[in-house]
Amino acid sequence: MNNIELRNLIIEKRIKFYEIAREVGIAPTTFTIWMRDELSDEKKVKVIKAIESLTK
Numbered sequence: 452m453n454n455i456e457l458r459n460l461i462i463e464k465r466i467k468f469y470e471i472a473r474e475v476g477i478a479p480t481t482f483t484i485w486m487r488d489e490l491s492d493e494k495k496v497k498v499i500k501a502i503e504s505l506t507k
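Residue 452 is where the sequence shown starts when you use the working numbering, and the numbers rise one by one after that.
Hints are computed from structural coordinates only; laboratory data are not their basis.
Here the structure is a predicted model, which means the values were calculated and not measured.
Misleading hints may appear alongside valid ones.
Calculated cross-link-like contacts (lysine-lysine; reagent style DSS-like; alpha-carbon spacing at most 30 Å) [said to hold, decoys possible]:
no. : residue 1 : residue 2
1   : Lys494    : Lys507
2   : Lys494    : Lys467
3   : Lys500    : Lys467
4   : Lys495    : Lys507
5   : Lys507    : Lys497
6   : Lys467    : Lys497
7   : Lys495    : Lys467
8   : Lys500    : Lys464
9   : Lys464    : Lys494
10  : Lys464    : Lys497
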C-alpha cells in the first residue's frame with residue numbers, strides 16, 4: 452500500500468492526521484513529514500494499525 456492509498460483510506464475513514472499521530476505516539480507535524488515520501492514497511496504497519504484502532 453503506497454501513500455496515496457493510505458491517504459485515500461484516511462479520507463474514506465474520516466480520520467485526521469493528528470488523530471493518527473496521537474495513536475502512533477508522534478507529533479502531528481512528524482506524521483505530515485512521514486507522508487511526504489514513501490513509508491517504510493514498519494511505519495506503514497504502525498499507520499494501518501492506528502487507522503484500525505481509531506475506526507473500531
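Evaluation of the provided hints:
no.: 1; hint: Lys494 x Lys507; result: 20 Å, holds
no.: 2; hint: Lys494 x Lys467; result: 17 Å, holds
no.: 3; hint: Lys500 x Lys467; result: 15 Å, holds
no.: 4; hint: Lys495 x Lys507; result: 19 Å, holds
no.: 5; hint: Lys507 x Lys497; result: 16 Å, holds
no.: 6; hint: Lys467 x Lys497; result: 15 Å, holds
no.: 7; hint: Lys495 x Lys467; result: 16 Å, holds
no.: 8; hint: Lys500 x Lys464; result: 13 Å, holds
no.: 9; hint: Lys464 x Lys494; result: 19 Å, holds
no.: 10; hint: Lys464 x Lys497; result: 16 Å, holds
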